[in-house]
Amino acid sequence: DQQVKQNSPSLSVQEGRISILNCDYTNSMFDYFLWYKKYPAEGPTFLISISSIKDKNEDGRFTVFLNKSAKHLSLHIVPSQPGDSAVYFCAASNFGNEKLTFGTGTRLTIIP
Amino acid sequence: GAVVSQHPSRVICKSGTSVKIECRSLDFQATTMFWYRQFPKKSLMLMATSNEGSKATYEQGVEKDKFLINHASLTLSTLTVTSAHPEDSSFYICSARAPNPRGQGANEQFFGPGTRLTVL
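These protein sequences, in sequence, are chains B and P. For the first sequence, this note's numbering begins at 453 and goes up steadily by one. For the second sequence, this note's numbering begins at 143 and goes up steadily by one.
Source of the hints: derived by calculation from the structure; they are not laboratory data. Among the hints, a few may not be true.
Okay, derived cross-link-like pairs now, BS3-like style, lysine-lysine, Cα gap no bigger than 30 Å in a straight line [unchecked claim]: (1) Lys508/B / Lys520/B; (2) Lys183/P / Lys508/B; (3) Lys551/B / Lys162/P; (4) Lys551/B / Lys184/P; (5) Lys520/B / Lys156/P; (6) Lys156/P / Lys457/B; (7) Lys184/P / Lys457/B; (8) Lys208/P / Lys197/P; (9) Lys551/B / Lys457/B; (10) Lys520/B / Lys197/P; (11) Lys197/P / Lys156/P; (12) Lys183/P / Lys490/B; (13) Lys208/P / Lys156/P; (14) Lys551/B / Lys520/B; (15) Lys208/P / Lys490/B.
These figures come from a predicted structure and were not determined experimentally.
Just chain B, same shape as in the assembly:
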């Protein structure tokens, strides 16, 4: 039972354009969401997070949007840079529970 889903296994975007990565979840108890970036043979690196009390959080080139009614979140990267090429995982948790549930990841390739 995949509670966090990333339906696009891969995405290619031109350098300088906007990259939009999507994530859907099924567990309505989730109230905190995170995005991680992962290079091959390395551990994930935290990018940005959002609490369910917000619908948007921004940090530099990265913005995460949360639509609770649709149980959907997205990560926007603008402008996209070649160094952004990596696998992006979304993760979810609920308050009081430290465990993270990860999506299956989206491989983002930025084309120079």
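Fit chain P to the known structure of chain B by using the hints.
This is chain P only, laid out in the frame that chain B set:
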């Protein structure tokens, strides 16, 4: 920032042997660490939650006698894969909860670089 290290980064062993993987929080104390396993092109699967000074909590379907976890200090957790078999070959990653999580209810985790285990 919070740094988590893992050792070794890569290990190849024969079937039937045991392999120990170390996870250390370098600049902070971690009362809770997590062990994940990642199959190729798959999500990170939580195996167990490691609590300092107490028994680990294993996820459903994870054999606790096969994957021994010890969290003997606030900076070290170890995962021992006992009697390893080729199907145990995988990428194992540990993480530790951030010492000063940002925002209310934040569950940010810092991950180690991972250990690639290959069982022949």
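Hint check results:
1. Lys508/B / Lys520/B: 11 Å, holds
2. Lys183/P / Lys508/B: 29 Å, holds
3. Lys551/B / Lys162/P: With Cα atoms ~23 Å apart, Lys551/B and Lys162/P stay inside 30 Å; holds.
4. Lys551/B / Lys184/P: With Cα atoms ~18 Å apart, Lys551/B and Lys184/P stay inside 30 Å; holds.
5. Lys520/B / Lys156/P: Violated, at about 48 Å.
6. Lys156/P / Lys457/B: Violated - the C-alpha atoms of Lys457/B and Lys156/P are around 36 Å apart, more than 30 Å.
7. Lys184/P / Lys457/B: Distance of about 11 Å is within 30 Å: holds.
8. Lys208/P / Lys197/P: Holds - the C-alpha atoms of Lys197/P and Lys208/P are around 15 Å apart, at most 30 Å.
9. Lys551/B / Lys457/B: Between Lys551/B and Lys457/B the Cα gap is close to 17 Å, so the pair holds against 30 Å.
10. Lys520/B / Lys197/P: The given pair, whose Cα atoms are some 36 Å apart, is violated under the 30 Å limit.
11. Lys197/P / Lys156/P: Holds, because 28 Å separates the two Cα atoms, which is no more than 30 Å.
12. Lys183/P / Lys490/B: 12 Å, holds
13. Lys208/P / Lys156/P: It holds: about 16 Å lies between the C-alpha atoms, which stays within 30 Å.
14. Lys551/B / Lys520/B: Satisfied, since the Cα-Cα distance of roughly 20 Å is no more than 30 Å.
15. Lys208/P / Lys490/B: 28 Å, holds
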